[in-house]
Amino acid sequence: MKTAVYTMLALAIASLGSGCVNLERSRDIGNPNVSGRTLALQVCSSCHGVDGNSTSPAFPKLAGQQEAYLIAQLKFFRGHNRIDPAGSEYMWGITRKLTDEQIEGLARYFSQQKDAPNVAGDPATVAAGKAIFENGIPDKGVAACAGCHGAMGMGKDTFPRLAGQHANYMMKQLHILSETNQRPAGAMMKPLVHGLTSADLVAVTTYLQGVSPN
Amino acid sequence: MITKSVWRHVLKIQDVLPTLLALVLLGMWSFPSYALPAFARQTGQNCLACHAGGQFPELTPYGRLFKLTGYTMGARSMPLSVMAVLDYTRVRNPKDSTGVKDTVDFHKQGTAIFDVGSVFLAGKITDNLGLFAQATYANYDHQQDNGDWVGHLSPDNTEFRYADRFISPGSDLIVGAFANNNPSMQDVWNSAPAWSYPYVGPTFALGAPASPLLDGGLGQDSVGAGVYAYWNRSLYGELALYKTANGPFGFLHPGDNSGIARIKDGAPYWRLAYTKAFGPHDLMIGTSGLVAEIHENNDVNQPTDRYRDYGLDAQYQYILDPHTVTAHISYIHENVKWGDPLALGYDNASDTLKELKIKGAYVYNATYGASLAYQQTTGSTDAGFFGGPADITGNLSGSPDTTAWIPEVFWTPVQYLRIGAQYWHYTKFSGNSSNYDGFGRSASDNDTLFVYVWGAY
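Taken in sequence, the protein lines are chains G and Y.
Going by the working numbering, the first residue of the first sequence is number 12, and it counts up by one from there.
Going by the working numbering, the first residue of the second sequence is number 1158, and it counts up by one from there.
I should point out that these hints are in silico values taken from the structure, not numbers from a laboratory.
All of these numbers come straight from a predicted model, not from anything done at the bench.
It is possible that some hints are incorrect.
[Stated by the list, open to error] Within a straight-line C-alpha distance of at most 27 Å, the following computed DSS-like cross-link-like pairs (lysine-lysine) qualify:
no., chain 1, residue 1, chain 2, residue 2
1, G, LYS125, Y, LYS1433
2, G, LYS183, Y, LYS1433
3, G, LYS183, G, LYS141
4, G, LYS86, G, LYS167
5, G, LYS151, G, LYS86
6, G, LYS108, G, LYS141
[Claimed, not checked] Per the computed footprint, the stretches of chain G lying under chain Y, defined by three or more beta-carbons under 8 Å from a beta-carbon of chain Y, are:
no., region
7, 160-167
8, 188-202
Where a beta carbon is used, it is the ideal one built from N, C-alpha and C, also for glycine.
Chain Y on its own, in the form it takes in the complex (with noise of 0.2 Å):
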């Protein structure tokens, strides 16, 4: 599935950026120092009661069950963050093969740039039912016609939760239902796709020409609800259904429904984890699915493509001060039978296609950290798909085959601030180490430095 997604602006950016801004001055002066800092004033905690080392999204053993126990735990309390990621973007070769720079794929490059924003509404709503949801304003969006860029404030990541907590000396079962738009969203380790690494990246850079519908293809184009149980802080289960969100789900959606993913009936969601804690160490060893029918060129009356994505994955995490260590693998299997394979002018009737990420981190104090990861893809090679040479985004071999290495380091002063480095190192791009693009290009040129400010009240 490509991801890259062209959002349709229905607000315009004066009407929300006083709001913003707003929110924002309100944020510095009535809040403590919090990472979802909404979160943490409910439970009156510091983020790293939470977040692993204070990596932010990364869970603590504590944070999984706050939010599996559905956000409830704490007291009621103002339920609004805010969010903001400055940064700056450099692509080793930001130049085409007539030496003349690509001002698209590498816009902003070298500049430091107000990235996004987000918004949260989030917390305690009754005993047993707990809201994230999170709108996000990207300051670049998408290009208007001429040919600028145009920020847009759209829904994030949203969840409802409601849990229940059988709880006694010997035994312990979280019972709970979800409802959200975004699969994986719900879950509570980082190997799942929704909250995996990098936790904030580069907007005008490539990445891999292709990521499974696992890995973010669904995000905010549906809706589905599920149930789940954890068992005595060691087995893990979940079943959910995804459908389009249109029609009364529309509003978790950004822009009109033009762009949106029709899913065929709906598409089902599982996980299974065991979870082992021994000491400081919590492990976790992990499977996941997601079966759907997706309608070609978004059309529900055009054939559908049946996607396969079965995932398997770990976490381990040593956490005992001042040490904070976190290794993350993740492993997704794509299998993709083409309705209409003809019509869409791919080579195969179907596709495969493989992705291997991993991460290890190690934090000191929660302050200093340093972590590096490797990503994979690979896959069946289908030129028609990838759709062949051309200069810079093109695809030479028909192949996703694409790895990449990257090294980060960063630094949380204050508990709401972090300012980080990333080198994204790709060693093959499309299929190749040189000549990926069919116009001399390396996969090298594509290696980018990231680095960011984020911050949060």
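Bound-form chain G, shown alone (with noise of 0.2 Å):
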């Protein structure tokens, strides 16, 4: 017993000693010598899952999102200018300290890793969705929503990706960026949600949630 206070005590002081750095295994998210994969494994992981597959809906996924977006979506977190709530109360203090080096190197790791499939709907649901998804609704003035997010929703840039995302996230962003301006990228996406009726929305963000082009 006093042993194992001692030799906490001792882990204690040379851990001190040692400049208080473990780089391979930093947790520490104000130090720019921290790589973006160590951060990525050791923090982020918490939420959004070791390979960026969360399993909780309330995380969005980020495995195999486009590089581009990852990185952008980070600085804009950093920057205060992404300022839906979940996005303030989760992202802005754990990016306010982040370099471009590091945020670059999170979103390599990220848009590597394989998605692994979602949950799938039920099949008419999935069908309508996909229709949206493919062509639109052209008489409401909706474009197909393929013709930015790419064919199999596997985005490109700073369009994300959205096969395999949890329905439930992209519901709640589709109404952050139809009824506010807290995505500052998110203007071109307001007019198309407009025309879609809450049915359409979750049959787009179901069948969605289903693809798994991988």
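Hints given; two lone chains; assemble the complex.
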């Protein structure tokens, strides 16, 4: 027992003495020398999953997401430009001290992870969602989502990948994008969502969640 | 174990109050609003990230990882926080059998009081080492000889953690060590005694006549160290050893050592848990145990009583905006073999005590919440142990059987402030629903309304 306490104290002193850092396995989001990859594993994994495949839909999946999109969003969070409530509550603080280099490392890491298939919805809803995604709703001026987000919803550059993303997260973002200006690069999404009924939104997000192009 | 301890004062209230006030003021000016604010500043996140629906101290899956990785996630920042509770307690019947108000057990009946305040020193020390140290000022700590209540600042839950995480896609191993002064303080689930419901409760009201040693009986009386491992966010195991918090560890114990539980050798404590997350659901099923030999009358020259406490517990959480649903259940079985029951005046050579606690809560938008708890204590009858009839606090049957239902509603207008009301309804108290004390008092006479304002900076 005493030995255990002394061992702890010794470990404490040793780690203080060694300059307090352990670059390979650090969870210090304020140290510019910790690599993006290390932060991804040690910190971001706790919510987004170690390979970017978050279990809870409260946290967006990052696996296989477009690198340029990830970089853009992380900079929006860091600069307090993406101001939706969850963004500020969860992501502002985590990114506040990240360097551009760390952001690039984080984006590279998550973009290279393999997306794991998500829950598939019921076939009728999926078919309706697929139609909207691929063709839009011309009568209502809704352009095809695929035009920007890619044929299978894989995204391109700063157009985010949607394939396999949690439906709950996408639904939340679609409301934010249509009803607010809280996402700085979201202006082109606004008119599109306005033409969609809530049933359409459920259909398209249900379809996208189940897409697994891998 | 009868847990109502009386702490001796070493620090005078006058010495402490200015410091506390200064800290509160400092807190209000310089801190953003977060719930263990020092930790929130470190990660820069809202308290919601770590506390389920903002219900301090219930942890989210992320909050658990934050603790298991030794409070080291984030960037080092101002490690101080303060917390205060103002409350109001009203017991249904504060009068004894002759109609005279009992102003000792039900002191401050129907009056709003400043009850407790805490100061925390908490946060990341190095990449592997973190600290959570709490000192609590109880405004009604104990009574002086003339009957006046005095306040006192005492060491509260205090913990050092050392942790490392070996993680890559496909495997995740967190290993760590801790030293603290309250068995189960290290736990990350809120079905474990140190962090279980009620999160705030009345100071001047009656509660179950006995609770197991594992449920707080050694809190601040002991100091222990342990090691743990959490593998692939599914299997958790922990082993620790607790000793009396005296000698060089006396600073972890309030006041002098005259009332401290004298543990013979070391008391082993263990914990095993299995966890599983699926979508927004998170489940834990676990077990824990404490075996201790404690000298009678806190005197090392007297025989020891052997406590064997085994617990089973489970937790369920659903967290997805705007809903938070949490449920906890804990069952502790205690067997105590008395060293010298004759000298102690007990009827049995050994006694058992069983404690069941169930609680479910719902919070909408991290703002409006309601919960319902059920607590049941049962055990062997031992008139010698429970002392026999006495007005209000007596026990006619010699049985510990007590059952309470506790509905609560709360409101969190801003994340550093919570306002709530609890009602403790007893259907059984000390073995009976009526005349439990031998002086005609009913269990429901102890029903208690408790209203609180909790704040932290």
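For this session: Identify every previously stated hint that the structure contradicts and give their numbers, smallest first.
Result: 5, 6, 7 and 8
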